[in-house]
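Participant: Given two chains presented individually in distinct reference frames, assemble the corresponding complex, making use of the accompanying hints.
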Amino acid sequence: MAGGEGTVIAPRIVEVRQNVLKKNDALARELRREFEQAGVYVVNLVSSPGAGKTSLLAETLARLGRRYSVAAVVGDLATDNDAARLRRSGARVRQITTGTVCHLDAAMVRAHLEEWRLEELDFLFIENVGNLVCPASYDLGESLRAVLFSVTEGEDKPAKYPPIVHTADVAVVTKIDLTEAVGFDRERFYAALQDVRPGIQVLEVSVRTGAGMDAWIQLLERSYHALTRSSPKSRL
Amino acid sequence: MHEVSIAQNLVELALQAASEKGIRVVTAVHVRLGALSGVARDVLEFAFDVVVEGTPLAGAKLVIEEVPVKVFCQHCGEERPLAEPFRMRCPACARPAEKVVAGREIELHALEGAG
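Sequence order for the protein chains is C and W. Those letters in the first sequence? Residues 425 to 660, by the working numbering. Those letters in the second sequence? Residues -16 to 98, by the working numbering.
Okay, chain W solo, but in the shape it has when bound (with noise of 0.2 Å):
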């Protein structure tokens, strides 16, 4: 249950991005959620309207686009897309594939507002 500690990093750097950018009024937080990022999509929804509570952010939606596992294929030599459960093999050509290109992101994508 890491995502307390997420939603309370997003929070801050939301507020600080908000306040670089001149937003005074957040309505919606965009997140970018990888597949092996570890972190539970639902969970983060719950935290982070805990923890936006009493904060200038109290209100704003919590938008997350998951993100899929892509590999690079090395005798490929392409990017593909992966599929649960995640063996690490490419999909065409089912050789090893360690190399995660996409994922694991956690990462505040953009802000929405108005100000």
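Only chain C is shown next, with the shape it has when bound in the complex (with noise of 0.2 Å):
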């Protein structure tokens, strides 16, 4: 402490500099590096709520539970229904319920992940609270955020939320099968998109007739087999 008795205390300004959110960015580096090194391939998975995040992960998981080892953590308000659901799959799920919290953050997931061995796992998805907004400020430690967006939310929600769009690095347009039902425009939707996030790249799927699984599918199969390779992974 500066100051000893009789000195005059001045009025000062000094300069912090430092993120806000430099813990859980510190956190969730930690776990990227885990992550990498477990040879584990972590998907983030963020949307508003109601666009499919849940569908869409217990039909990936039950795909990709065939051929690799994977699990799930879930984040909700409340209730545990995502997990039972999401178990039925046959995969490793744990429900995290943040209360009233809207937003998962690297210590919620870490705390989640300690039952398990990493390196037994292939993949791991962290389906965020359902909230297009302040997911966006929280690393995971995820090695891929894909943001969804369903046909029934209309064409602007990308202009809408630009923070979000801006920090994904793929977009999934859901519940395809409803395109002509609810008069989706495609053109209008890819032109919001491509405003926010010029270059990103977007799938299109339908959980429910399995129209453009298979391509979701091989994207994530491919960047697990792109780390992995980069950082063998020892199987016992």
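Calculated from the structure, these hints are not laboratory results. Backbone N, C-alpha and C define an ideal beta-carbon position, used for all residues, glycine too. Take the hints with a grain of salt, since some may be wrong.
For each label pair, taking beta carbons as the anchor points, the in silico distance ranges come out as [unchecked claim]:
id : chain 1 : residue 1 : chain 2 : residue 2 : range
1  : W       : -5        : C       : 635       : 46 to 54 Å
2  : W       : 61        : C       : 442       : 44 to 52 Å
3  : C       : 434       : W       : 32        : 25 to 33 Å
Take a look, some chain C residues computed to stay more than 12 Å from chain W by CB distance [said to hold, decoys possible]:
id : residue
4  : 529
5  : 543
6  : 578
7  : 584
8  : 638
Facilitator: Right under this line is the structure:
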């Protein structure tokens, strides 16, 4: 502490220049390193509530689970309904109940991984809390951030929520079997998306009809093999 | 509404910095907030006032400097300011410019105080 007795205490400004989320960012970096070393490919699924994260995840776990060791952590404010639903695929699933918190952070993810040996996993999916705002700020150490938009949400969602689109690696359009029924204008959607995030890769899927699912699974498999080639995994 | 979490992180960081820099009474906390940070300014102000209560920062003012979005245009080789609604195109040549060089900040910039 500066200033002994008798000294004049002068007002002053001290520069700090620290990222407010540096604790989360540091933990996320640590997690990312651990994931890479363990050879586990981690996908963070973000979307508004009801865009179809859980449906896509259930189908993804079922398909990948035939050939890979897959696991998921799912975030919700309350209930473990999603975890119960996802467990039917046979995958390891843990529910993160956040209470009132509207996003997952790196500490919550880490706390829910403790029971698992990361080396035994090939894929880990993190289903974020349904929210297109808050999850944007929190790095979870993921390899891929996928933002989902359902055709029922209209075409201008990307324009309304730039920060999350901006931090996403890939966009997935869901429920495309309903495209006609809801009058979804593909071109307007793509224009809005490319405005906010030029060049972002887009996939279109329908979990119900299976359309586009092969391409989504292939993207995940390719990315997984790219990761494990760079840091070969010692299999037990 | 993750502004409460952000405010908690901010207060924690500010208290730590104040102690390291030897500031006994913090009168103002200066924050730089990017337009693409995803943090709402007024909500953060409200959350800050709630979170500081009962801490040594109680009564400190939150001063927010908004940081506009700036992109780097590869074609022009220049950094350019971007206005809302944040179409990621160079405002000069209209080509896609996705590299954000400013506007994502959630930064504790400075502390004002005495001691």
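Participant: Next, verify each hint and record whether it holds.
Facilitator: Against the structure, the hints:
A hinted range of 46 to 54 Å holds for the C-beta pair residue -5 of chain W and residue 635 of chain C, which are about 47 Å apart. At about 29 Å, the CB distance of residue 61 of chain W to residue 442 of chain C disagrees with the hint of 44 to 52 Å. For residue 434 of chain C and residue 32 of chain W, the Cβ-Cβ distance of about 27 Å falls inside the hinted range of 25 to 33 Å, so the restraint holds. The non-interface label for residue 529 of chain C is inconsistent with chain W: the shortest C-beta to C-beta separation is roughly 7 Å, within 12 Å.
Consistency note on residue 543 of chain C: stated as away from chain W, and its beta-carbon is indeed over 12 Å from all of that chain's, at 32 Å minimum. The claim that residue 578 of chain C lies off the interface holds: its Cβ sits roughly 16 Å from the closest Cβ of chain W, which is beyond the 12 Å cut-off. With a least beta-carbon separation of about 9 Å from chain W, residue 584 of chain C fails to lie farther than 12 Å from that chain, contradicting its non-interface assignment. Chain W leaves residue 638 of chain C outside its interface by the beta-carbon criterion, the shortest separation being 28 Å against a cut-off of 12 Å.
In summary, the numbered hints that this structure violates are 2, 4 and 7.
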